[in-house]
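> Residues in the sequence shown are numbered consecutively from 1, following this note's numbering.
Because the hints were derived from the structure by calculation, they are not lab data.
This one's a predicted model, so the numbers in the text were calculated from it and none came from an experiment.
Virtual Cβ for every residue (Gly too), placed ideally from N, Cα, C.
Some hints here could point you the wrong way.
[Claimed, not checked] Computed list of lysine-lysine pairs in DSS-like fashion (alpha-carbon distance at most 30 Å, straight line):
#1 K102 x K157
#2 K14 x K102
#3 K47 x K96
#4 K37 x K14
#5 K96 x K18
[Unchecked claim] Simulated restraints, written as ranges between beta carbons of each label pair:
#6 E99 x N11: 19 to 29 Å
#7 R87 x G64: 28 to 38 Å
#8 E111 x T56: 32 to 42 Å
#9 G64 x G88: 16 to 26 Å
#10 E29 x G50: 34 to 44 Å
#11 R68 x P153: 22 to 32 Å
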Amino acid sequence: SHLKRRHVMPNNIKITIKAAEVVIANFLEIPDYPKDKASGYLAERRKKDGRVLFVTQVGECPLGKIHRYFHFSLEKGERLFQFFHSRGDVSSWQSKSNEEEKYPGAIIAGESILSFSGLPALADEALSLIIALRRNMMTSQQASDIAHLSSNPYFLKKT
């Protein structure tokens, strides 16, 4: 039987990983950027039903951080899914709470939610925004509006 092509194709994932690696390389060029923050997990889920489409490592996560980054890449997206449907949030920054380990890094991007964990909190968000723009999932105005909510220096410096 013929398998139908779904929303996300493996080639799309490869392109996404490559783009994320380039974003991280650019962050590492920023003088005060922490050089040990160069990897993480990227997740994509459907906005309408919250189904996870893929989760992938970007870079080489430190062994002691794999579970943490993987967990938070999913938690951020799940939390944004809930808050998007209950009150219209467009970024996990809007429901962040350091005390509760609820961090920024997930965004609404077209019909998807992209989330990243492993970099400094606002770099996680900026990476998600830049990936969404590279994949034409949102307009530059939508990305800028989300970045302004958190006054995201990693994104706003670039635009």
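> Measuring from beta carbon to beta carbon, are R87 and G64 in 28 to 38 Å?
35 Å, holds
> Quick one, are K96 and K18 close enough, alpha carbons at most 30 Å?
28 Å, holds
> Does K14 pair with K102 here, judged by a C-alpha cut-off of 30 Å?
Given that 30 Å is the threshold and the Cα spacing comes to 28 Å, the pair holds.
> Is the straight-line distance between the alpha-carbon of K47 and that of K96 30 Å or less?
19 Å, holds
> With 19 to 29 Å as the target window, see if E99 and N11 comply at their CB atoms.
Given a distance of about 41 Å, which is not inside 19 to 29 Å, the answer is violated.
> Is 32 to 42 Å right for how far apart the beta carbons of E111 and T56 are?
19 Å, violated
> When you take the CB atoms of G64 and G88, is the distance between them in 16 to 26 Å?
37 Å, violated
> Would the hint linking K102 and K157 be met if the CA-CA limit is 30 Å?
Judged against 30 Å, a Cα distance of about 25 Å means the pair holds.
> Range first: 22 to 32 Å. Now tell me if the beta carbons of R68 and P153 are that far apart.
Cβ of R68 to Cβ of P153: about 24 Å, so the range 22 to 32 Å holds.
> I want to verify a distance hint. Is the separation of the beta carbons of E29 and G50 within 34 to 44 Å?
35 Å, holds
> Does K37 pair with K14 here, judged by a C-alpha cut-off of 30 Å?
Given that 30 Å is the threshold and the Cα spacing comes to 21 Å, the pair holds.
Of the numbered hints stated above, those contradicted by the structure are hints 6, 8, 9, listed in ascending order.
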